[in-house]
Amino acid sequence: MSERIRRSSAPFAATIVALLVALLVAAPPSMLHAQVSVLGAQGAVVAAAAVPSITLNVTGGAQHVSSLQDGEINDFPLPLTISTGWDGAPLLSTLCIVSYFQNPASALSNGTASIPSSRIQGRLTTNGSASAWTAYTQSGCAGGSGPNGGSFKLTSLLLLGGTDTGTGTLELRIDLRGQPDLAPGLYAGTLNLRAVIQ
Amino acid sequence: MHACVGTRSRLRQLVAGVVLAMLAPLLSIDAQYAVSTAAVVPLTAFKSSGLTLAVTSGATQSLASIADGAANSFATPVRITTSWELHPAVGELSVVAWFSSAAAALSSGTASIPSAWMKGRVVTGSPVAFTAFTQNGVQGTGTAGASLLLFSFPILGNNRNGTRSDDLELQLDLTGQPALTPGTYSGVLNIQIVAQ
Chain A
609 MSERIRRSSA
619 PFAATIVALL
629 VALLVAAPPS
639 MLHAQVSVLG
649 AQGAVVAAAA
659 VPSITLNVTG
669 GAQHVSSLQD
679 GEINDFPLPL
689 TISTGWDGAP
699 LLSTLCIVSY
709 FQNPASALSN
719 GTASIPSSRI
729 QGRLTTNGSA
739 SAWTAYTQSG
749 CAGGSGPNGG
759 SFKLTSLLLL
769 GGTDTGTGTL
779 ELRIDLRGQP
789 DLAPGLYAGT
799 LNLRAVIQ
Chain B
149 MHACVGTRSR
159 LRQLVAGVVL
169 AMLAPLLSID
179 AQYAVSTAAV
189 VPLTAFKSSG
199 LTLAVTSGAT
209 QSLASIADGA
219 ANSFATPVRI
229 TTSWELHPAV
239 GELSVVAWFS
249 SAAAALSSGT
259 ASIPSAWMKG
269 RVVTGSPVAF
279 TAFTQNGVQG
289 TGTAGASLLL
299 FSFPILGNNR
309 NGTRSDDLEL
319 QLDLTGQPAL
329 TPGTYSGVLN
339 IQIVAQ
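The listed protein sequences derive, respectively, from chains A and B. Taking our numbering, the leading residue of the first sequence gets 609, the next gets one more, and so forth. Taking our numbering, the leading residue of the second sequence gets 149, the next gets one more, and so forth.
Bound conformation, chain B alone (with noise of 0.2 angstroms):
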């Protein structure tokens, strides 16, 4: 009888064996995982300075004859659109248009026009009346002599985020100066936005 058991229980272990055998791998008693390589994509995301200018209309300015010992106003404005998303800390904006060189704002060979004699108004900002280009810049951005505050407001709670647009009249004032010698006067007019 103990032999029979005995021959059963080891039948019974047998079979039970084989059939754990199988249901191993299918059952995952173990703990083995199987991990796939990792796939990588690249995410970015640009968040911009919050200023932007952009001269809409009006970036190239021609005079096709120039008066001597008088106002000679260009004949459009220079369209400016101003927008700005900025941070609770910045208190004030501020648009600064100026030359390069307050000697010799337009030149044409060894001639040249000081900035002094280039006017601008902008009647829905500072210079409501044609202002010269003798200012200084604003927080270092433009030329100490040669520049021109545009417009400038303070930035709160309720206008943190906005846009606007200026039209600049430019102007060439000759009044009591000597006769501008003949030729082509080229000059560059920088604008920029600066907050502070």
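Only chain A is shown next, with the shape it has when bound in the complex (with noise of 0.2 angstroms):
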């Protein structure tokens, strides 16, 4: 019984040791200095994991579209450029990157008439995985960043862990083809853009 114990037992310990090895020399000094382990009195670990830092930046300013034109693709003139970064990201965790309208159906309005999020689309032309022009109809990421209908992921990207950064290029259009004539006015909204590990 002991015996084989014994030799069952063998095989786990090494690959125990072995993994305890590879993790020790794979994972970036700062994904291991802020773990704390308690070991339980029952042999159970609590684990108090260090929540990763993300930080999402965008340039290009406000956009315009100085003459809004009925049954037509309305380009905004000018790409936003999409600055992140992130630090202690988990092994396999996932960086989601959504940009949406807090109300769906008026992304933006002149007061009294909404032009609806389904009516405005983006794409990524760089480092992203929406390339072609989609409208904000889309869940936003987990955690409750965009809300369902009213977003648009630009990206999904598995991570390997540790720290890193990434930009990419968001540009933005009204399409209002097959829509009915708006009513004259400025409209006016927001566009609210995050990053989300988990």
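Be a bit skeptical, because a hint or two may be false.
[Unchecked claim] Label-pair ranges, simulated between beta-carbon atoms:
no.	chain 1	residue 1	chain 2	residue 2	range
1	A	Thr734	B	Gln340	44 to 52 angstroms
2	B	Ser196	A	Ser726	20 to 28 angstroms
3	B	Gly257	A	Gln787	51 to 59 angstroms
4	A	Thr667	B	Arg312	43 to 51 angstroms
Read the hints as simulated data drawn from the structure, not as lab findings. Built from N, CA and C at the ideal position, the CB exists for glycine as well.
Once you've looked at the hints, go ahead and assemble the two chains, each given alone in its own frame, into the complex.
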């Protein structure tokens, strides 16, 4: 019985040791130094993992279409540059970047009339998984960022952990093809962008 | 034997616990999210009213010398360019010109030229012959007794969007009028689109 246990436990211990060594070698220090482990009385482990940090910045300023044309595609003239940086991302976590309008029924409004988010389209021309024009009708990232039906996911990227940065270029347009004529006026709204590691 | 098994079991738990402790943050086995602060981008888009009128030439009209008792034509016409982009509910588009005062279209000090002595014509519009500025306004646009409808046309399905240019020729007709007091007479002619 004990011989059987000794034989069967040897590969297990070797596997564990090998895995530990591999992790210690592979994992960057920034991912390891912040964890606190407490060995419980029954051998249970309580792990308090450091929450990764993530930042997102946008350059390109306010976007303006000077003369909306009914029944046509109206491009915003300048693209937005999106820069993201993260630190302490867990191994095999996911980076999700989403842009969204809070109210899908009224992405832009002139006070009485609205342009729904479904008429706003975006595409990420560099470093993204959404290079085709896509309407703001998607759901947001996990964690509650971006309303259902008013979002456009720019990317959903599997991370191998650690620290990194990324940039992308977002183009926007208003597609009024097949839509009834808009009432005259100045339509205004706010596009929100967030990055989420999950 | 039991003691041996117990020791090995605790060893396994210890090693497994350490591994789990390390894997927990690395493999994100909990459901924590890291969310960036929101970046906001203001978006605006302007939809024009769909009606524009521009005086593309002849914005200033002048008569170098006024002849009493005769029709005095201004040398060059007022070129009016009209563009429209209208809702299907609009049934008619008009352009009207008017002076603010019927009694004093042009004035020089205390002397005045009434709008009835000022005439206009648009050969591509409504007053193809010179017609006095004595009409009423259109839908509240224009001065009663001092206006002139330059052109008007219905908006149908095939002309909701369009542009056109028209020449407004002006004339100061003093035929049968008493001689004017010498001086420089000046005034302002207003031109406006009306969609109804």
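Against the structure, the hints come out as follows:
1. A:Thr734 / B:Gln340: 44 to 52 angstroms: Given range 44 to 52 angstroms: holds, Cβ gap about 49 angstroms.
2. B:Ser196 / A:Ser726: 20 to 28 angstroms: holds (23 angstroms)
3. B:Gly257 / A:Gln787: 51 to 59 angstroms: Taking Cβ atoms as reference, Gly257 (chain B) and Gln787 (chain A) lie about 58 angstroms apart, which means the hint holds.
4. A:Thr667 / B:Arg312: 43 to 51 angstroms: holds (44 angstroms)
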